[in-house]
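Visitor: Keeping the supplied structure of chain A fixed, place chain B upon it in accordance with the hints.
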Amino acid sequence: MKNVWLISRRELAAYLRTMSGYIIIAVMLFIDGLLFNAFAVPGTAKKSSEILGDFFTLTSGITMVGSVFLSMRLIAEERQTGTIALLYSSPVHDLEIVLGKFFASFLFLCVFFASTLYMPALILAYGKVSFGHIFAGYFGLMLVGATGLAIGTFGSALSRSQVVAAVLSGVMVLALTTAWLLGKVTDRPFTEIINGLAWWGHFEAFRIGVIHLKHVSYFGLVTFIALFAATRVLEARRWR
Amino acid sequence: MIQVEGLTKYYGERAAIRDLSFTIEKGEVIGFLGLNGAGKSTTLKVLGCVLLPTSGRVTIDGYDVTKDPHEIRKLIGFLPDTPPLYDEMTISGYLEFVAQLRGVTAANLPARVADAMKKTSLTERKDDVISSLSHGFRQRVGLAQALVHNPKLLILDEPTGGLDPVQIVEMRELIRQLKGEHTVLVSSHILAEISQICDRYLVIQQGEIIARGDEAQLASHFGNASAVEFEVQGNVQFAVDLLRNQEGVSEVTISKLDGNVGSLRATVAGERRIELVKALVDANIGVLRVDKAAARLENIFLKLTHGKDATP
Chain A
18 MKNVWLISRR
28 ELAAYLRTMS
38 GYIIIAVMLF
48 IDGLLFNAFA
58 VPGTAKKSSE
68 ILGDFFTLTS
78 GITMVGSVFL
88 SMRLIAEERQ
98 TGTIALLYSS
108 PVHDLEIVLG
118 KFFASFLFLC
128 VFFASTLYMP
138 ALILAYGKVS
148 FGHIFAGYFG
158 LMLVGATGLA
168 IGTFGSALSR
178 SQVVAAVLSG
188 VMVLALTTAW
198 LLGKVTDRPF
208 TEIINGLAWW
218 GHFEAFRIGV
228 IHLKHVSYFG
238 LVTFIALFAA
248 TRVLEARRWR
Chain B
1422 MIQVEGLTKY
1432 YGERAAIRDL
1442 SFTIEKGEVI
1452 GFLGLNGAGK
1462 STTLKVLGCV
1472 LLPTSGRVTI
1482 DGYDVTKDPH
1492 EIRKLIGFLP
1502 DTPPLYDEMT
1512 ISGYLEFVAQ
1522 LRGVTAANLP
1532 ARVADAMKKT
1542 SLTERKDDVI
1552 SSLSHGFRQR
1562 VGLAQALVHN
1572 PKLLILDEPT
1582 GGLDPVQIVE
1592 MRELIRQLKG
1602 EHTVLVSSHI
1612 LAEISQICDR
1622 YLVIQQGEII
1632 ARGDEAQLAS
1642 HFGNASAVEF
1652 EVQGNVQFAV
1662 DLLRNQEGVS
1672 EVTISKLDGN
1682 VGSLRATVAG
1692 ERRIELVKAL
1702 VDANIGVLRV
1712 DKAAARLENI
1722 FLKLTHGKDA
1732 TP
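Quick mapping for you: the protein sequence lines, in order, are chains A and B.
Residues in the first sequence are numbered from 18 upward in steps of one, following the numbering used here.
Residues in the second sequence are numbered from 1422 upward in steps of one, following the numbering used here.
Okay, chain A solo, but in the shape it has when bound (with noise of 0.2 Å):
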């Protein structure tokens, strides 16, 4: 864990001391904020905790596309830059290497869900709406973002290109989005299994502020088995 920490440390400092994690996080909260006056606020008829909910909806789609451009450099720059092979010769695991990683990008985006709260603030002095609620959203929010940034950084340590690893995690959290229009034309029990792989289905709990297990484990899966592929790409580039 020394390591872990040691590597993700770093990591957050490079994200605090460059400009693109604050443009991408600037870039998230204009749009966020944008789209929560423009579809969530207006409407008389809607109740607060609705409000909250359609904040949370899409604060979750700009996190699930935040996440991929925040970590499309986590692997893929060290390649490029060749520091690399600093952590390769270092008594280092290729999973701490991939774990340090996640976690820094995983707190700086916690940066951007801090950044948020001021809407949940505002509904809250001007409606009314439980701190479960809220709680249970951005608990859904924090399981998007580590499934986007665990993509992410699966794509990232497929390429050396930050622009090629954004693109191939893009596809991922497409495919991933988008499954629901496979299961339309799949015959059971297929649609199921397809349908279940859609990452805001399992979102629509957290939003109205429910936290169901089954919810959290796919995120949690989905969060594993990415790491575990960014882990194996990292062990098989020895060989190459």
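I should point out that these hints are in silico values taken from the structure, not numbers from a laboratory.
Using N, Cα and C, we set each Cβ at its ideal position, and we do this for glycine too.
Any given hint could be a false lead.
Quick list of in silico lysine to aspartate or glutamate cross-link-like pairs, DMTMM-like style, CA-CA up to 25 Å [stated by the list, open to error]:
1. K1488(B) <-> E252(A)
2. K1573(B) <-> E1446(B)
3. K1677(B) <-> D1635(B)
4. K1573(B) <-> E1509(B)
5. K1447(B) <-> D1508(B)
6. K1547(B) <-> E1594(B)
7. K1539(B) <-> E1426(B)
8. K1447(B) <-> E1434(B)
9. K1699(B) <-> D1635(B)
10. K19(A) <-> D1508(B)
11. K1488(B) <-> D111(A)
12. K1540(B) <-> E1517(B)
13. K1447(B) <-> D1703(B)
14. K1573(B) <-> E1426(B)
15. K1573(B) <-> D111(A)
16. K1540(B) <-> E1449(B)
17. K19(A) <-> E1492(B)
18. K19(A) <-> E1517(B)
19. K1677(B) <-> E1650(B)
20. K1447(B) <-> E1492(B)
21. K19(A) <-> D1536(B)
22. K1495(B) <-> E209(A)
23. K19(A) <-> E1509(B)
24. K19(A) <-> D1489(B)
25. K1573(B) <-> D1489(B)
26. K1495(B) <-> D71(A)
Cβ-Cβ distance ranges computed for the label pairs, FRET-style [to be verified]:
27. W256(A) <-> D1549(B): 31 to 41 Å
28. R257(A) <-> E1602(B): 28 to 38 Å
29. L191(A) <-> V1590(B): 38 to 48 Å
30. G1601(B) <-> G237(A): 16 to 26 Å
31. W22(A) <-> G1557(B): 27 to 37 Å
32. R1633(B) <-> G237(A): 48 to 58 Å
33. A131(A) <-> N1529(B): 29 to 39 Å
34. S1442(B) <-> V188(A): 40 to 50 Å
Guide: Relative to the frame of chain A, chain B by itself:
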């Protein structure tokens, strides 16, 4: 310290190195020589546990690179051909990070970082951000990261690459100071840069070792023939003909001619400079300079890598 047997590494269908075998003793400074693409970096990356071999056996201090890479990584300091630097960090911050990554304890950390910076003359620049450093300083930081944890084995891939002549001398002096404290593997494609710091050389061409040994042993690959350079004044063509007729002289060429002053290069078997100068002087040819040039490693290297007909 290092035993390599039948080391082979393929990149796809292409063999970067083939069936390399060599042994390196503790405390030696070994020069890996070869042209670009010869397989030097691949060999060093395998020894540095950055890459795994396709076949063959490599042990470092008794540990096998495929079975115990983690143990080996604790013993080595690796400087790749491009220094692995994080541009946004300061020199001291970067070295602290690397030292911790390589297992230096919190108690030893300040001393180890200070020592590495002192050895590489970076102490006064310790708070500089790496992105602001010149190429020479980046190489120094690269070397500092390789030795910050005081490793038994230092692997330096082209540490003098891209440096200016003054920086090359400084880097060479740095490596010379490490001799004795560490076993050092240093690669280069320019012989002059490492010719004075290595105990032995391994010459690699197209993934295979084509020669090994110290400077004298490499020279012996080409018999005792060596080149002697003369700067003569007088009838230069007569001097050439005269030298050609001397015993042990196989070839004489004019490398430079300026009026009645000419630079000649003669291929001579054995040590015959005294006799040759006497013959020239007896023939009323002024001898301005005599220099034995052939045993220079540069020439040997050229001959090894380009064939015996190569001329420096």
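Visitor: Run the structure past the numbered hints and jot down the numbers of the failing ones, going up.
Guide: Hints 3, 4, 5, 7, 8, 9, 13, 22, 26, 29, 30 are the ones this structure does not satisfy, whereas the remaining hints hold.
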